[in-house]
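Listed below are the residues making up each chain.
Number of protein chains: 2
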Amino acid sequence: MKLTEQQRASELAPLLAAGWVMVKGRDAIVKTFTFQDFIQAWGWMSRVALQSEKNDHHPEWNNVYNRVEVTWSTHDCGGLSLKDVKLATFCDQAYAKN
Amino acid sequence: MKLTEQQRASELAPLLAAGWVMVKGRDAIVKTFTFQDFIQAWGWMSRVALQSEKNDHHPEWNNVYNRVEVTWSTHDCGGLSLKDVKLATFCDQAYAKN
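Line by line, the protein sequences give chains A and B. With numbering that gives the first Met the number 0, letter number 45 in the first sequence gets 44, and the count goes up by one each step, no holes. With numbering that gives the first Met the number 0, letter number 92 in the second sequence gets 91, and the count goes up by one each step, no holes.
Only chain A is shown next, with the shape it has when bound in the complex:
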């Protein structure tokens, strides 16, 4: 289910304040994470991959060496859902521990 206006204020706003950006023309958020090298980037991606599979909710992502651009949106509802909020938050938390 798509985020309500209230949920956007309470759940999405903190992510936008933390560097996530609305994708132009889509109800989706994107953020680029930068690492020391490929090993660090891949380690982080692996954690996000396992968490995604566990939640049955997967990112659109692009990796070039030490950079990973991650987009979250929910296909089923055609926009942002609480699943995206959950996984985007996981991305930030895993990055903070990196």
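Think of the hints as simulated: they come from the structure by calculation, not from any bench. Predicted, not measured: the structure shown is a model, and the values here were computed from it. Take these hints with a grain of salt, some might be off.
Given that identical chains are not distinguished, each listed pair holds provided it fits within a single copy or across any two copies.
Below, a list of computed lysine to any residue pairs in the SDA-like style, where the Cα atoms sit at most 25 angstroms apart [said to hold, decoys possible]:
1) K23 to G78
2) K30 to S45
3) K96 to Q5
4) K23 to N97
5) K30 to T3
6) K1 to N65
7) K23 to V63
8) K53 to E68
9) K30 to R66
10) K23 to Q39
11) K23 to R66
12) K53 to W43
13) K85 to N61
14) K96 to H74
15) K23 to K96
Go by the hints and put chain B onto chain A.
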């Protein structure tokens, strides 16, 4: 070192025959691999990631659930090198074993 014309005929041509495509406006090749699900896609990506790190040559790649689009090019020489041929071939071999 960029591929010579002779190397393009002997090394690159087989990859182009196997589904790799020249990227428009770049001396780079791209191919999309499709899997049964995310687990299969991630398993394949993990093998490519380890091989990339071992060869110190990394792809540009994009993953959405069961699809992975991989681009190979060599930054140092500004175009395709034998490293790209080697890793693109590895991608195909690992996919065949999938």
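Using 25 angstroms as the alpha carbon limit, work out where K30 and R66 are close: within a copy, between copies, both or neither. Close inside one copy (10 angstroms) and across copies (20 angstroms); limit 25 angstroms.
Under a CA distance limit of 25 angstroms, which applies to K85 and N61: within one copy, between copies, both, or neither? This pair counts as both: shortest intra-copy Cα distance 20 angstroms, inter-copy 22 angstroms.
Evaluate K96 and H74 at a C-alpha cut-off of 25 angstroms and name the case that applies: within, between, both or neither. neither (29 angstroms within a copy, 30 angstroms between copies)
Between copies, within a copy, both or neither: which fits K53 and W43 at Cα up to 25 angstroms? both (16 angstroms within a copy, 18 angstroms between copies)
Taking 25 angstroms as the upper bound on the Cα-Cα distance, should K30 and S45 be classified as within, between, both, or neither? Intra 17 angstroms, inter 22 angstroms, cutoff 25 angstroms: intra and inter.
Cα distance capped at 25 angstroms. Does K23 pair with G78 within a copy, between copies, both, or neither? Classified as within; 13 angstroms inside a copy, 31 angstroms across copies.
Intra/inter-copy verdict for K1 and N65 if alpha-carbon distance must be at most 25 angstroms: between (32 angstroms within a copy, 23 angstroms between copies)
Checking an output row: K23 and R66, CA cutoff 25 angstroms. Within, between, both or neither? Classified as both; 21 angstroms inside a copy, 23 angstroms across copies.
State whether the alpha carbon distance between K30 and T3 is at most 25 angstroms within one copy, between copies, both, or neither. within (22 angstroms within a copy, 39 angstroms between copies)
How do K23 and V63 come out at 25 angstroms by Cα distance, when the copy is not named: within, between, both, or neither? both (22 angstroms within a copy, 18 angstroms between copies)
Is it within, between, both or neither when you check K96 against Q5 at 25 angstroms Cα-Cα? neither (30 angstroms within a copy, 49 angstroms between copies)
At most 25 angstroms between C-alpha atoms: does K23 with N97 qualify within a copy, between copies, both, or neither? neither (29 angstroms within a copy, 36 angstroms between copies)
In the structure shown, a violation is registered for the earlier hints numbered 3, 4, 10, 14, 15, in ascending order.
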